[in-house]
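Take a look at the letters that make up each chain.
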Amino acid sequence: MDWITKNLPYLMAGISVGGQYALIAIGYTMVYGILRLINFAHGDIFMVAGLVVVYAATVMPIYIAIPLMIIVTVFLGFMVERVAYKPLRSAPRMSIMISAIGVSYLLQNLALYVTGGLSQQYPAIPWISDTVTVMGATTKRVTLITPILTIVLVVGLVMLIKHTKIGMAMRAASRDFETSQLMGIKINNVVSMTFIIGTFLAAIGSLLFFTNYTGVTPTVGAMPGLKAFVAAVFGGIGSIPGAVIGAFIIGICENIIKGLGWTTFSDAFTFALLIVILIAKPTGLFGEKSTDKV
Amino acid sequence: MSTKTKAAWNVGLIAALLGLLFILEQVMPSGSMLFTVLKKGAIYALVAVSMNLLNGFTGLFSLGQAGFMLLGAYTYAILTIPTESRASVYQYFDGGIVQFALPVPVALIAGGIVAAIFAYLIGLPVLRLKSDYLAIATLGFAEIIRAVFQWDKLGPITNGSNLLRNFPSFKSVLYPFIVSGICIALIVMLINSTYGRAFKAIRDDEIAAEAMGINLAHHKRLAFVISSFFAGVSGGLLAMYQTTIQASMFKSAMTYEILLIVVIGGIGSVTGSCISSFLFIACSEWWLRFLDNENLYIGGFHVPFLRPGFRKVVFAVVIMAMVLFYRQGIMGTKEFSIEAFSGFFKKKFGKKKVEEGGGSHE
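Here the protein sequences line up with chains L and P, keeping their order. Heads up: the first sequence begins at 1 in the numbering used here, then just goes up one per residue. Heads up: the second sequence begins at 1001 in the numbering used here, then just goes up one per residue.
Rather than coming from a laboratory, the hints here were simulated on the basis of the structure. One thing to keep in mind: the hints can contain errors.
Covered by chain L, per the in silico footprint, the following chain P stretches (three or more residues, Cβ under 8 Å) [to be verified]:
#1 1130-1138
#2 1193-1206
#3 1237-1243
#4 1308-1317
#5 1331-1337
Where is the CB? At the ideal position from N, CA and C, for every residue including glycine.
All chains should be modelled from the sequences, with the hints used to inform the complete structure.
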């Protein structure tokens, strides 16, 4: 019992962080599944979502600021795809990845300009920022909400992909990009929809993430972004349940490592895990096996 | 033009460049931004060329450059801090455990060798991966290296997350130019050798290259190790230029900047990387500075939006436009040479293809 009360905070923090990573990781895994692109800008879109709330909350009540943030973020994700990735659809894969790095650089510098490089205080959101006590461990309510909300959203997403027309189109596009075009799928709509869903989930993720870590800086998105990508690879890129499970595993392991007093290595651990996975089972936990044709 | 005259031209040009730098240094005040740009540009040119060797000539998309620069910079700094100032630098770690100082050139080479050894070890597992998986794995390694160097337990060697300082640095702008020049010349010689041809074959088609009898694993590892060696040397130079170093400087953003330099210069062009690194540094450190000036008036008109940070936004937009609309970069896969230059002026509008030196491939 003593052991539980001592370690419960880390475990809860781990599950909560895992849920936040999961919401970001879905954006990576869906985009990679369809475009075979590591969307390096995804973490920065996540950061912009945080900044929008910071600035919106100063001029309007929080219950308007949050929907506004979601709309702005989704629009940003949509625009990034249209402006930076769509013109390069037929270009080599490397140039589209470089374009993604360029977008990330642009968003970070834009945020640096707007914030002046200072860490911005994320507003406290009523109810979910309240402190609660679970089995003797004090935490914010968001820690408890995150895993539940994550699972609800993921189940909804899986339903969308399995049972709707656009979901079917997405599955077809991720199986074979060219052939799905021949079958009459409007590929640009599918890609846009993928980005919209991905950034929507990242926006929710940022809401939960910044409630716990109140400072928003221009580079704050880079690390969660990379870790969420690792989670996506871990679970098997292109697979949504895989990304979610991977994200929870990474979130929990990271916080256990922090609990053991090895904070310096919590980031390093994630990447070590990535490299082990890539070498032992490059397709991840649930990834489909792909074969190279000569 | 025969090879001999070409070599003579190149030697003449390099001598003229060094002479010009020497004269500039005598004439201009030493605090001028020009020297900052030239020093940093030369260092970035070296690391950009080393990255180009991997990304442009061997087709290995690696994002570990910042990590290898960190290794080089730390090795250099640790080995050259004078023994008498170690106590003050390592004030939290009883003066550290390294109690000797090596001469500067030896330490620079040692930095390269340490980076190369790490690259060899990292390459064993990582080089089996392809394209974006390789990119993310090397990026991950760079992050791991950064975390390890900030670890308290390694403090007696790396000074933990504190600054390393007091190591020798250079005064003259000629120093980074000569060191980078020698290193880039070595890379160019490598690219033009049998190994270089094998690298290009691997880039163009791995399977075909393997069928032609090229040992893929061996050549990839060689390219990775050599590229990291030069990244390590440039890390040492960067330490000299900045006079203090800290592990937290070498973030993945640094690798992205180097990658953007390579892209702007043209993937697969050595001279392109050199030109674009000077342009990149000049724009980001010097030419666009006026955009950060809040009180800029053009004939009584107060220019809006200007305040610190705007420079970087404009710069990022320009880079983005370049990536989207000018994908070839400045040089494409061509190389800058006297022959091409004179050919360009002889037939001003005749499209003369220059199949020269480095990265041209059919």
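Mind checking, does the stretch 1331-1337 of chain P have 3 or more residues with a CB under 8 Å from chain L? violated (count 0)
Take the stretch 1237-1243 of chain P, compare each residue's beta carbon with every beta carbon of chain L, and decide whether three or more fall closer than 8 Å. violated (count 0)
Establish whether the coverage given for the stretch 1308-1317 of chain P by chain L is satisfied; the threshold is a Cβ-Cβ distance below 8 Å, and no fewer than three residues must meet it. holds (count 8)
In terms of beta carbon proximity below 8 Å, does the stretch 1130-1138 of chain P have 3 or more residues touching chain L? This one holds; 6 residues, not fewer than the three required, reach chain L with a Cβ under 8 Å.
Under a C-beta cut-off of less than 8 Å, do 3 or more residues of the stretch 1193-1206 of chain P approach chain L closely enough to confirm the stated coverage? Contact hint for the stretch 1193-1206 of chain P vs chain L: violated, 0 residues under 8 Å.
Hint compliance for this structure: hints 2, 3, 5 are broken, all remaining hints hold.
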